[in-house]
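Asker: Using the sequences and the hints, build the whole thing.
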Amino acid sequence: MFDLTELERAHAIVRQAVPATPARGWPLLAGRLGTEVVVKHENHTPIGAFKVRGGLVYLDRLKREQPNTPGIISATRGNHGQSLAFAAGRHGVPAVIYVPRGNSVEKNRAMKAFGAELVEYGEDFQAAREEAERRAQFAGLHMVPSFHPDLVLGVATYALELFRAAPDLDVLYVPIGQGSGICGCIMARDLLGLKTEIVGVQSTEAPSYALSFAAGKIVTTETANTLADGMATRIPDEDALGLIRKGASRIVEVSDGEVATAIRAYWTDTHNLAEGAGAAALAAALQEKSTLKGKRVGLVLSGGNIDFDLFRRWVGMA
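Note that the working numbering has the sequence shown beginning at 282, numbered continuously upward.
Hint data in this document are derived by calculation from the structure and do not stem from the laboratory. Possibly wrong hints are sitting among the right ones.
No farther apart than 27 Å at their CA atoms in a straight line, the calculated lysine-lysine pairs in the BS3-like style are these [claimed, not checked]:
| no. | residue 1 | residue 2 |
| --- | --- | --- |
| 1 | K476 | K527 |
| 2 | K476 | K570 |
| 3 | K498 | K476 |
| 4 | K527 | K574 |
| 5 | K476 | K574 |
| 6 | K344 | K393 |
| 7 | K498 | K527 |
| 8 | K576 | K476 |
| 9 | K570 | K527 |
| 10 | K527 | K576 |
In this text the structure is predicted, and so the values were computed from the model without any measurement.
Answerer: This is the structure in structure tokens:
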């Protein structure tokens, strides 16, 4: 998909807007897991999530190769759309973002604040994406997919930072939505010649990648009714699945209850806010705690964009 020189070049593009995020150990979290832990804090980017890196790299190439692009359009549950709105704004490109009805109120507000035209359509992400594709053809806009080599290249820059800060990780847990994050981690690990085991994480309520990983082919689900909206995927990307099956050891499924426990743990142990997908890696590590003793464990805190009302309700705060 790309080589180390291209990854370094992408990192330089990202660093113009996004300082390197921390890769930090937390004693209370280590005590909870019973082993050494390093958290990659992608909740500390300008949009509060790792996706911003992919948007920056994608828009950089688009503006160089198609400078007269009239605008971009895409569909999202939130962080992908924020990434594109942020990057498009830096390049002076109009952005139209489709979201399903009932999407996160605060993520919607953030996308509009970054300058996107926001359209609510359909009952889930898939319906919103299909409508965005129809409008792209009708209006002549550039459709940005949820999974693309440039998006993977961009988000792989966080893995480059992490593996250079902690090259001796034994295992790294990574949440899976459309797959760019875990694919970026696999690519960066392999390009750096490391042996870190990479474990994907999905919701029990949206297990399409886990089912596909086990079956060796695309398996779709009828619903994706998880509160962890960043993992609410019904239809896996074929290219992403191929890379995940080659480079990840397994996919762990976590319940919404386990994710809620992990969100609370991040808050109490590190005073960091995690959204559902952002806490999923910790939830998986807690599920597999008995197997991790003596290992150095990496956790991707992929984002912190959770609505306050959901945070309060989900983790039982007063």
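Asker: So if I understand the rule, the pair passes when the alpha-carbon distance is 27 Å or less; does K498 with K527 pass?
Answerer: holds, 13 Å
Asker: With the threshold set at 27 Å, check whether the alpha-carbon distance from K570 to K527 stays at or below it.
Answerer: The hint holds at about 25 Å.
Asker: Would you mind confirming whether the straight-line C-alpha gap from K576 to K476 stays at or under 27 Å?
Answerer: holds, 13 Å
Asker: Is the hinted pair K476 and K570 satisfied, with a Cα-Cα distance of at most 27 Å?
Answerer: Satisfied, since the Cα-Cα distance of roughly 20 Å is no more than 27 Å.
Asker: Mind checking the alpha carbons of K344 and K393 for me, to see if they're no more than 27 Å apart?
Answerer: holds, 22 Å
Asker: Checking one constraint from the list: CA of K476 to CA of K527, max 27 Å. Satisfied?
Answerer: Cα-Cα ~14 Å, so holds.
Asker: K527 and K574 were given as a pair; does the straight-line alpha-carbon distance stay at or below 27 Å?
Answerer: Holds: K527 and K574 sit about 26 Å apart, inside 27 Å.
Asker: Mind checking the alpha carbons of K527 and K576 for me, to see if they're no more than 27 Å apart?
Answerer: holds, 23 Å
Asker: Tell me if the straight-line CA distance from K498 to K476 falls inside 27 Å.
Answerer: holds, 26 Å
Asker: Under the criterion that the straight-line Cα-Cα distance not exceed 27 Å, is the pair K476, K574 satisfied?
Answerer: holds, 18 Å
The structure meets every hint from the earlier list without exception.
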